[in-house]
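Asker: Start from the sequences, fold in the hints, and give me the full structure.
Each step along the sequence shown adds one to the number in full-length UniProt numbering, with nothing skipped, and position 14 is 14.
Keep in mind that a hint or two might mislead.
[Said to hold, decoys possible] Straight-line alpha carbon distances no greater than 25 angstroms define the calculated DMTMM-like cross-link-like pairs of lysine to aspartate or glutamate that follow:
#1 Lys-61 - Glu-125
#2 Lys-61 - Glu-50
#3 Lys-136 - Glu-50
#4 Lys-45 - Glu-10
No wet-lab data here; the hints were simulated from the structure.
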Amino acid sequence: MKKKTFILSEGPLDLPGAWQDHSINVLRFPQESATLVITRAWDVKPEDDETYLRQQLAKVKQRMKKVTLGEPGDSVLGNYPAREVALSFHNQQAMVYERLAIARAEDHLLVFTLSRTAPFDDDSEAFWAAVKAGMKAGA
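Answerer: Quick look at the structure:
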């Protein structure tokens, strides 16, 4: 049986057999007052990537208050072509400001969401750019 390694913060985990990563990674950045959430969508056909993005934005509009959506635009997530959008919404007692990037990573979508409770400024935009640039495909 062929083993494939899954990389955890704590170290590599060799696993037997085939598997798909359905994990949700939540990374806090206290100095930047930001949280990065990384998810994956496996059941989206390549021709439906834009539809998936629109559906995710529609869910935010449906569930949250005072939603403001930017227009999705082209971007990159490491060396993956991506679609990106800026949004904000009222959640419980706070405004949340987000940047969302979705990229096709071979057979699934990779979704990065950076959230803050303060509007994005030059420093936080630079941090977001560094996060996206830090993605190393297949590393």
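Asker: If a hint holds in the structure, say so; if it doesn't, say that too.
Answerer: Evaluated hints:
1. Lys-61 - Glu-125: holds, 23 angstroms
2. Lys-61 - Glu-50: holds, 17 angstroms
3. Lys-136 - Glu-50: holds, 23 angstroms
4. Lys-45 - Glu-10: Violated - the C-alpha atoms of Glu-10 and Lys-45 are around 33 angstroms apart, more than 25 angstroms.
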